[in-house]
Structure formats: C-alpha cells, structure tokens
Amino acid sequence: MTETQPRRDPQPRHSLRTEILEARPMNLDGFVEEWPEKGLVAMESDFDPAPSVRVEDGRIVELDGRARADFDFMDTFIANHAIDVASAERCTSMPSAQIARMLIDPGASRDEVLAVTRGLTPAKILDVVKLMNVVEIMQGMQKMRARRTPANQGHSTSARDNPIQVAADAAEGALRGFAELETTLGVLRYAPLVAIALQVGAQVGRGGVLTQCALEEATELELGMRGITAYAETISIYGTESVFIDGDDTPWSKAFLASAYASRGIKMRFTSGTGSEVQMGNAEGKSMLYLEIRCILMAKGAGVQGLQNGSISCIGVPGAVPGGLRAVAAENLVASMVDLECASGNDQSFSHSAMRRTARAMPQLLPGTDFVCSGYSAVPNPDNMFAGSNFDTEDYDDWNTIQRDLQVDGGLRHVREDEILQARNKAARALQTLFAQLDLPAITDQEVEAATYANSSNDYPLRDVLTDLKGAQAVMDRGLTGLDLVRGLEAGGFHDVAENLLTVLRQRVSGDLLQTSAVLTADFTPLSAINDANDYAGPGTGYRLAGERWEQLKKLRHVTSATNPETEVR
Amino acid sequence: MDIGNSTTEACVAAIDPDGTVHYLGTDLTHTTGVKGTPDNTAGALTAVRGALHRAGRRAGEVTTVLLNEATPVISGLAMETITETIITESTMIGHNPTTPGGTGLGVGTTVSIDDLAEQEPGSPVVCVVPHGWDFDDTATAVDRAVGRGVDVVAAVLAGDDAVLVTNRLTVPIPVVDEVAAVEKVPLGMLAAVEVAAPGRTIRTLSNSYGLATVFGLDPDQTRHVSPVARALTGNRSAVVVRTPSGDVTDRRIPVGELVLRGAGKSLRVDVDAGADAIMETLARVQPLDDAHGEPGTHVGGMLAQVRDTMADTMADGAADLVEVSDIAIRDVLAVDTFVPAEVRGGLAGEVALENAVALAAMVRTSRSRMQLVADLVSDGLGTATAIGGIEGEMAVSGALTTPGVDRPVAVLDLGGGSTDAALLTREGECSAVHVAGAGELVTKLIDSELALGDREVAEAVKRYPLAKVESFFHIRHEDGTVQFFDEPLPPQVFARVVVLTSDGPVPVPTRHALDHVRRVRREAKRRVFVVNAVRALRQVAPGANLRALDFVVLLGGSALDFEIPDMIADALAGSGIVCGTGNVLGTEGPRNAVASGLVRAYAADSVAAVPDAPAPGLAG
Amino acid sequence: MDTAPTTGLTAADYPLSVRHPELLHTPTGKPITALTMDAVVSGELSAEDLRIAPETLRMQAELADASGRPQLASNFRRAAEMTAIPDAAVLAMYNALRPRASSGPQLAELAERLETEFSAPVCAGLVREAAEVYARRNLLARPAAGSDPTAAGD
Amino acid sequence: MTTPPTTSAQPRRTVTLTETGPATRGTRRDEVVIAVSPAFAGHFTRTIVDVPHAEVLRQLLAGIEEQGVAARIIRVRDTADLAAISHTGARLSGSGICVGILSRGTTMIHQKDLARLSNLELFPQSPLLDEPVFRRIGANAAQYAKGESPEPVPTRNDQMARPRWQAKAALLHLKEFECIEPGRGPVEVQPAFELSSTG
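Chains as they are written, first to last, in this note's numbering: chain G, 539 to 1108; chain L, 1405 to 2024; chain Y, 9 to 162; chain D, 17 to 215.
To be clear, the hints were calculated from the coordinates, so they are not data collected in a lab.
Treat the hints with caution; some may be incorrect.
[To be verified] A few chain D residues that face chain G, going by a derived Cβ cut-off under 8 Å, partial list only: (1) 171; (2) 179; (3) 180; (4) 181; (5) 183; (6) 193; (7) 196; (8) 212.
[Said to hold, decoys possible] Restraint ranges, calculated between C-beta atoms of paired labels, are given here: (9) 108/Y <-> 1905/L: 33 to 41 Å; (10) 201/D <-> 144/Y: 25 to 33 Å; (11) 1017/G <-> 1420/L: 31 to 39 Å; (12) 957/G <-> 1488/L: 52 to 60 Å; (13) 201/D <-> 108/Y: 21 to 29 Å.
For each residue, glycine too, the CB sits at the ideal point set by N, CA and C.
This is chain G alone, in the form it adopts within the complex:
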C-alpha cells in the first residue's frame, strides 16, 4: 500500500496536533504546484490564446489568433463543424462578462444563451467561464443542462468478471434508480457473458434501463450492433493533435465512428476530460480547461449527442492543482452550454478524504446534470473494474440522505431490503435460465443463492473460468443477438424480463434514443432534451423535486414514524 511511504523526514519534533493532522486520510492525497508553461494548470494560464475569429466568404479563416494555414486538426475540425459561421464574429465579439451574466440570468432563456454560445470560439468560451465562481457555474449548469430531469449512471463490474454478480448488482442498481448501467472487464474475453448479464440484470431491476460495456472500439461496436448492449460511451477524444494521434484517432475517424453508431440505432457519447493531455506530456503549454473546451467543441462538431467529461480517469491531475475542481465543474458546464448531454464524471476514485469526495460532487449534484455520476459504483469499489469510483455501494445511504437533506434529486432512492433481495434473486435466476436456454456455462443454485445475499465478488462460489471463456467465445461465434436473449428469457418463463428487453431493442428501430440526453422512463417513454427540455427560468421553475418523487426520496433506512414513534417508517 502507498500508505507505508513516509511523507517527510521524521527528525524535527512535531506537535501532537500536527501528528493528528498528518494521520488524516486527507494527507494521503497528492498535490502539486502549477507549471503553466507545461499546461499543468487548471484554467488560468497566460499561455492560453486570446479569443479571435475572422470569417471570409462563409469560412472561418482565423481562430483564436491562428490563421487557417496554421490550424492544427483540432482548430480545423472545430472551425469547419462546431462553430456557427453566421454568428461567430458577432458572438465572439460580445463582452465575455455579458455572456457570463446571461448564463446565470434567469431572464435569459436556455435557447437565448445557445444562440450565443453556438458562435463562440474555444478561447472565448474559456474567457467566459473564467469569470464565473463555482456557485455561478452551478447556476449556469442548473439552466443549461439539456434534459429537464436529472439522472444518474452506475457501474456494475466484478473483480472476477463474475456474470452472476454483475447481473445481481445491475438489478439492485436499476431498482435504486440508475437510468444507465455500465460495465467493463478484467479479462476482456469475458465481455459477451458479462454484457449479457448486465442487460438481463438491468431489465429485471427496472425495465428500460440502458446498458453498455466499455471495450476497445471494434468489440464495443459489435456488442452494440448485436443488441447485447444499448449504448456506448468510451469513445475518447483529446484536446491536442499529438495526444489525439497517440490515441490512434483523429476528429474525422471519431466523427465517422459516431455516425456508425447512429446508423445502427445505438445511443453514443464521447469521453474526454481535463488533465489527459498534460498527463500524457503533450499539453502544448495550454491550460487543462482550454484543451477540454476544444474537446467539447470537437464533440459538438462531430454531431454526437453528448459527452462524458469531468476529468474522468485523470481526476488526480486537476484534483492536485489550485482551482482544479472549479475547472472540472466548468468543463461540465461548457458541455451543457453548447447543448450536449453531459455525463458529469464523479466516476473515479478521487480522494482518501470522505469530505473531499463529497465536496467534489456538489457542483454536479446540487444543480443536477444529465448524469450526475458517469459511473457511481453499484458494486463495492474493490470490485470496480474502472479502477474505483468516487462513490460506491457503501455510500448508498449517505447519498440518499444528502438528497433528502438538501432536497435535490441525485437520481437514486432508498429501496427496502426485501425488494432488493427479490430483484437480485430474480436477476440471478433469469440469467441461470437464459444461460441454460442458450447452452452457455451453467449457473448453480448455490450461485443464485449467493447472488441474492452477496456484497462483493468474494461472496460468490468461484466460476470455472475456462468454461466461461469458451462460452463467451461461443456467444460471438454463434452470432447470438439481443433477440436470442429475448427468446431465451421468454422460453425460460421470464416473460416480463423478455418484454422489457424486447421493448428496449425495439427502441433502436425508432431512433428516439439517438436524440440529445435521451433515457427511457419506467413506462418506456423516451425522455430527451426535445420532449423534456430544460425550462429553468428562475426560482419556482424548471425541475423541482416535488410530488411523488419527493415522497420517494423522503424514505431512508431508518426514519422514526410520527404516528407511532415506537416504530420506523417503512
């Protein structure tokens, strides 16, 4: 463990208080001084370009101080696809303060703001958000979030890639409220079985929950094409040309990939985040946020409906520099203010300090985002194959209580244990039956029993990995598709689960889930930025946590009954 490393020379005598403070988990986090010349700076750097744009015969010929001849491919793509040429010069010449005010002014509608932001250059956008403190950023987010109703996304993975665990935890997660569930693998060849398990578990927990399996592009796309998964997210983009190339992609290859997903009716979003470029040593001397804004506009230009950002796997970098989390909050806002769905991070192990972990999430949780976490760990963190999340299953009750305390909707709710056990058991049984129907590696009754009451992968009987991997290969070789899953579930007597899955598959024929910020409600109505547009216009407007949903969130594990104080509310 890293904790064993001495932090500094133990020679000089310390006060007892210093010793107590030194012992706080907080001091296991790492912090570094800024180094703007190399881009190791959050959002305030003298080395970022000044905003400028020039249009000649319908074409942007100058962008942020660079002439078209000198554009790198990010500049080119953004100039050609992301910025509205007609309004570019007018909007970019507006005073940044005015735009920043529009962002927090209830009087300015979301559409009025969008009319301006669609004409802004990366440097101009940076100039605008640099004027905003965290509270103003949150106000902006509250209005600019694309979907009116906030939601949350969960991770369901297993340290042993155990499909039964993934199914059971997916079912519990779906029941607790996640609108999307994501999985990934330790052993990649396990993917088909685990992706199937996630899909089955999700549809048991709550019909209409969307699932994905994070893999390398080709396999991820194939699982999607076969209808085993419902959407994709891990399509990474970067803010500098050199890092983009290191990732073996270009804005054009990624744009092509985006259309490929849409052409198969599969919802998709890109992924980017502050810190990735400097992490790879090629920030070209630009601030983390400036580079992230280039990513956001590249995504916008590619015509993808949304973006997962908020530093994501590089959170340790902005997390270690001054103002880093303000920059992270700002990058989420920028995604929303250019009208993209924003899955706003909070999805990676971030701090040893519980207080810091909570504070880090406030700028997304309080105003609400399309997905507050783009990966709340619906399994214990040691089982989280995304290298841990900022929140995990142990935090469920804390999260629910914070929602209740502040009356904000973080997408989850407290669920009684009997319901959870029933869902977990049903998910395991459904998967057991489905595997039998499809002649995939058998699942024993002991495993089903374990899944019902388990916490982590250690609580399950060990699987015969070789047989599982053969089974996984068979799924690919035999060309099994979502339809086979529906058939198997139906034949196995899990009619309702089969119906849920079929309805999700049917959605791709309609393409409704391709629109910005789309999710499926419990009654399978697509809810997107079109039919659930954010109409925030100041106090008393927009999404309010009230009515039936608020009643749900008032429930906790232990609440003393007012009618009979000797009992608790169930």
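Starting from the known structure of chain G, arrange chains L, Y and D on it as the hints suggest.
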C-alpha cells in the same frame, strides 16, 4: 441417442421397409447433469435437435426416439497420502535453491552474522545471515571477520543472495540461500554446508558415511542419520546441522484396511501396502460384490465419501431416497501416485514427494431413471420414445459399422469415469463389463503429481501435446521437432512449456521441464488406461485369455486421445490382437457407436416384427 | 445538404415511437408494431428487423434540425447513408481513417467507393475533408511506417 | 537480533552513471541490457516513492547477477517513452532481453522480437515498486535471457494510487520530457556506487 457420463450423442436415420438404414446426421453435446437423471433431458434435446438440423429434417418428421438403457454406473475418486517426511530439531536444509554460491564443503559452528564481529579466531565458523541483510554488507562483514583471522568456511542466507555474496568475497566459500526460516537454524552447533558445481550433485552429505566422516559418528549414530543422507540425495546443495537427537523420519501414515468382498470370500488389505497389493487382492475376490473401509480410518472415510455422493446423485430429485447401503462398490482401481508436500519441520519449505494411493471406485445401483428422461424427451419433441437395448451390446453393434471389423469383436469404451468392455462372439452372444477408472482419474493424477492445483490445466496437459516456446518465432515440440512461425507468438507464452490447444499454445504454469511433464502425463495414462484395458478385456475374453480376441475397437472420448490408443495397441500387440480406434459408420470416428447401434437394432427388430413394414419413418 | 423528402416533422412529433409509430418501419419493411413477442418466439424476426431504417434516421435528422441541432442532424444523415454499409466494411472504413493508416489515393478511393457503391455523398465528403487535412498535417500513411520492428528507435 | 543495515527511504548509496561511448549491440547471449530514461540517476535521483535510483540499479543488477547472467546499462536520450526505451535496449541486448525504466520507476521487460508496443512484463504502477520488486524484475529478465520460464513478478494494484500519485507522476513525466536530447542515440554507461554518509 446415447447419454453417456460426459457426452450425449444422437444420430438420425431413415429406415426403409426392408430394414435398410440410411444415416442422415449425427450430433453430440456435453451431458447435462448426472447420467441417468432427469437433468439429462436438456442435453438430450440439444443433441437430437442438432442431429436433425444437420440432417436437414424437422422434429415433426421423427417417428420415434431410441434411448440407451444407461447402465447406472457412476464412479468416484479419492486419494490418500500414505507417507510423511518430518525433520526434527532443524537437522537439515535440503530445499535445493536454484542459485547457491561457491562450491565445496564447509564444516564449522553456526554463528549469526550479527555476532560475527565478536567472534574469536580459532574454530571454523558457518555464518548464518538473517533477513534484511544486504548482500554487499554481508560480504563486507564476512571478509572483515576473515581478515581478523576468523575461519568462515560457509554461509547460510535467508535471501536469494548466494551468488552475489560469493562473487564479492576475497575467499569464496560454499553458500546456501533462500532459507526462509533461517532464524530457526540452531546456533552454536556443528554444521556442514555442501554446494556442488552447476549440473552436479552433492557427494558428501548425501552419503551416510560422508556424514559419519564429517561429524565423526559411530555406527549407531550413522544408522540414525542415514535418512538425512537419503533425503539429500540428488541435491546440488545442502546443509546438515548436528543436533543431539535431530533426524529426518519418513513415516508411513496408517490409512487403514480395505475390505474387499466377493466370490464368497472377504479379504482385507492395508492400503499403505500400495496399489499392487490392493489390485492383487482384488483379483482374488472377482467378481467384487462390495468394498468397505474400516470405519474411523482414512480408507473408511474415502469409500464412505464416494458412497455418499453416489447416494445423493442417485436420489437426486427421485421420490424415494436411496439407502447408502443399497449402493455396492462393484469395482476398484488402485494406483500408486505421489504428492509433492511441504516437509514438516523444514526451514526452507523443503518439498518431499510423498507416496499416495489413488482409488477409483465404481458403483452399480439397481435403479436407472432413464424412463423419466425418455418421457421428458418425448414431451420436448412431441414424439414417441423407446428405451433400447443394453449399452454394451449397442456399442458393439455400432462398432461393427467400423470398416474392416468383424466378429468376434470386443469394444473398449474409454470414458470419463469408467472403462467399459463388451464382447460379441462369432455366435452373437454379448457380454459386457465396467471397470473403475478412466479419464478423470488420469486428470487427477496429473494434477497432483505436477502439483498444478488446477483441474483445468491438468485436463489440458492430459489432452494436448506439449512444446517449449524457444523464441517468438519457433517452438520445439515434445518429440524434438522444431516448428517456425512468421507471426511472433504472444508474449505470455515466451520461454514457457505450453500445451498446443486448438486455439494456439497455452502456457502450463509449472517449473518442471517439458520432459518431466511428459513423463508424468504418459505414466498417468498408462497406469489407468493400459491397466484397465487389459483388466476389462480379460474379464470378457473367453477363459480370460486375451489371445482369444481378434478385433478390439476403441470407442469413447479418450479414444480420440493423441496417444492412449497407441499405448493400448502396443500393450495388446503381444497377444496378436487387431486394435485400433473405431470409425463408426465409417465417418464418426469413435463417436456415436451406441446411438448407431440402437438404430441398427431397431431396424432389425422392425423388419423381424412386422413383415409388411410401415411407411418409412425417421428414427433418431 | 441531403435532399430527402421532408415530412415536415417538428419537435412536437417526438418521440416518434409514441407519437408516430405508423411512420416507423424496419429495414425489412415491417411496421414497428410487428416487432411483437409472438413474432420473436415464432422466429419470424431476424436481427435485421431490429436495425434502424435510413428513412427513420432522416426523420430523426429533421427533429434534430427542428430543435436547433444542425450538427446532430448531419450526423444522422451520414448515419442514414451508412445503414447500407455492412458492419465489417464500416469498421474497415473507420480503421482506414485512423492517423497514418491510409495514403491520399487510398482515401480518395474510399470516398469514391462511398459515393458510387453506397451512394453516401455526405460520408464521402467527410472522408475527402479528412484526406485534405491529413495531407496538410502529415497524417497520411508513410510507406511501411512503424511496421518494421527493427526500425530505428523513434 | 540487532537491526540489520537495510536500505531505507534515505539514500545510503548513491550512483553516478558515466557515459563510455555510443551503445552497441551486445555479442554475448547471456547478457541483459538495462535501459534507463534520459533523467534517470541524473536529473533525478529517486523514484516517485523515493526509492533511490542507486538502489533500483543495485537490485536490478543483483537480480541479474544472482542468476549468473551479465548486465549492461545504457541510457536512451532521445525519448521518454518506456516502450521505446525498452525496445531500443532489447535490440541492443545480446540475449534480446532488456529491462527499461523511467525515472519515476515505471518498469518494463522487453524482448527484441516483440512489437514495440508489446512487452514481456510491464509494471505500470510506479508507486508500488520497491527494492524487492526490482530485484525480482532483474532475476526474471535474467531467466528469460537463459531461456527459462520465470513466474511473472506479481503486479500489484492500488485504486487509491490515483489521488495520491497521478499528478506527481505527470509532473515527473514532464520533467523527464525536458531532459530529452532529440537526435542523440543511446549511450553505454558505467555505474559507480558510493556509500553516502547520510542515513
């Protein structure tokens, strides 16, 4: 359809009015559940559907499904270690580290390096170095002591530093390292450290008289330490400490008596007498009625456990429970094996190959629940089902479709749990036997003898030929031939012993050389399949005379093995027998014999029974 | 821009699956209402039936335009063209667009193929644009780039 | 038992690497090349968790020597990419085996016939690499050189390494980048270890 212990096979055929059989398609899948239990249905249906699909026919066209009368034979395995090596008073260190230092023999008093600075010159010293000592510091400390005239003759190290230390000494000495529990080495005792040159083995400490010479022992003491010498034989390095009453014992663990009842008598045999004694006794009580182990002994436990599991599987889902007493063990195969086990009292995790006996026991019970399976199958397919003839007869009948085979023919079905033999005489009489022990026992032997601790790996070692990956572009097969590749092999197999599976080389996690792995694999197969082939054939052969057999056809999964058929053929060659792997229907290899046999029998009957036969239909 | 017959859809028509199921068909011509459990069980449906039809993508493009999302709309129009391209070919084209994966002529040929073989002018346009930028930024395939393991340590 | 003089976070030994000319392809089959990054045991003296570079080298060399295999050290100057450094070393190694290492401690065992981006063993989490691990890495590299089949050194993982070390790793990476000397080929270096008074 034939539901076997591990595979379920089906074949579809059309039968003309005149009884001519047209085979249309076959298929096989792994058996679901325990043979003869309702769980079989799933696999059975998969197989039939598969065969129909390959035949391009629909379930609707099937007139009847024929199932084998599965002889309710289930086998169980158990293994018991019968020897144990114990080192008392840390007398010796014999873990044979891969890289000891220096060469030669050093005899002196054990002194911790922490006290070396205070050590007076005079008597020779064996330096003992605990954990945490850096190799440079160790070398310096020893050199200093030697500089002061202390006669340091050898060293024993905790860490893997022997070569490093000797390379740094002005006067090299023999050094044994990687002694995990070095703190247990008794200090102030006379000790001898011997290291042989690379590729050689120690000469003095592995020789009783060498030990006697080194420690000046009298004949009685020499007798006492001779086990130490034995234990160190073949090592490149060793340490022996002279302690008052320390020694190495190699004691036999009493595992109890096996009671074999049959042929009207009841004989007892000590399991730790070994496999030969057990099989010899078994031969004298053939046919075996039942076997028991003394309660309270290991054997008692072994057999009871086998019996219980069988009772469970038999009872599984059945309305009426099966009394454990109903379950008679009708055959036993005992095999000598060894289990690498950590030596008790060892200082460096010494491992000794302890002797063990593996027992395969086979149970027959009166009840087969095949009828239940048949009913479920006919529900599943909506067709009539019938339970066909005896498995053995059907197998022979199927085997006869192998080109070049004629009566009298014997088949050997090399399965997973049992090895079955059946004989069809020229006159058409059929007799069949089942003997315990087959593929699964082989896997278990490989697993324990190579200390793999992983059934899957052992299974792979059993099933595929070995090779050594010598570079990214070539491998050396176990027969010595070299194969080159244009594309580099995957990194994880580099420099490893691999099994050549259908989807490429897979590394075998073992430190053993290829030759050793190969020897263990072939020995395990010989001790189970060759022994059982002869045993089983003797039981069906007229007058137990193998020479009375003409054709022997090998069937079953293990008949597909890349070496077992040859091993058996070699063993039988002496008796002038034509022996080979079957090729049922001339296309199916050793598969599908019983299923095809069922069809042939059905066809024959249908013609015999009904002179004006019904419209042609499908039988599967 | 793409000139598909517009059905004059507005944001109010979303979601199509709820408001206008009658407009939705599978690429195999079945109405979306035909995607029932019975059809699945009886085996009438194939994976083909669960794909999105180009017409549907063009309708979603109109909805995107109608709600002020031109980039999203043109993504849908590229996608509509791509429905005609087999899965494997789509992946191959994606790989061809990776940095230094294709030469200028190869990309030109790809664009040509998109236009003629798959009548996908919008996609072809994207590829031609890429080719031009790759040429300027030195991202076209170099002869035997990186493929030689013994190439000098870069 | 008195506490043994073990190596601790304080450097007991220091090392200086003296360039002895351009690195050449080794001829003996029984050698392992250790390829160090531009700033290793130069601009930097310790890994990200303060393991002295002197100890890193001593343990790698010891692991190789204990297996009876020879070792050469080269410095790659024109890149800070671990795969490139390791592969360069592998192509210069007589056995084709190389241990590549960055200043912050990230280590890789490479082989000349492997694609540059592949490897035999990779140890990506520099904060988890201590002296015993470096010893075992050296021993494994030597065993590969001898054509033996070492059990891969178990790689550890710690999810909380990100919050603690990610930024410092980035910083060290940037500094290492600064020490790159473009266009300058790899050089042979001789290590000189010294016992320093501190600690």
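Going through the hints against the structure:
1. 171: It is violated, given that the least Cβ distance between residue 171/D and chain G is near 13 Å, above 8 Å.
2. 179: 5 Å, holds
3. 180: 5 Å, holds
4. 181: 6 Å, holds
5. 183: For residue 183/D, the interface hint holds, since the closest Cβ of chain G sits about 3 Å away, which is under 8 Å.
6. 193: 5 Å, holds
7. 196: Because about 10 Å separates residue 196/D from the closest Cβ in chain G, which is outside the 8 Å limit, the hint is violated.
8. 212: 15 Å, violated
9. 108/Y <-> 1905/L: 33 to 41 Å: 36 Å, holds
10. 201/D <-> 144/Y: 25 to 33 Å: Cβ of residue 201/D to Cβ of residue 144/Y: about 31 Å, so the range 25 to 33 Å holds.
11. 1017/G <-> 1420/L: 31 to 39 Å: 38 Å, holds
12. 957/G <-> 1488/L: 52 to 60 Å: 55 Å, holds
13. 201/D <-> 108/Y: 21 to 29 Å: 24 Å, holds
The structure is inconsistent with the numbered hints 1, 7, 8, although it conforms to all the rest.
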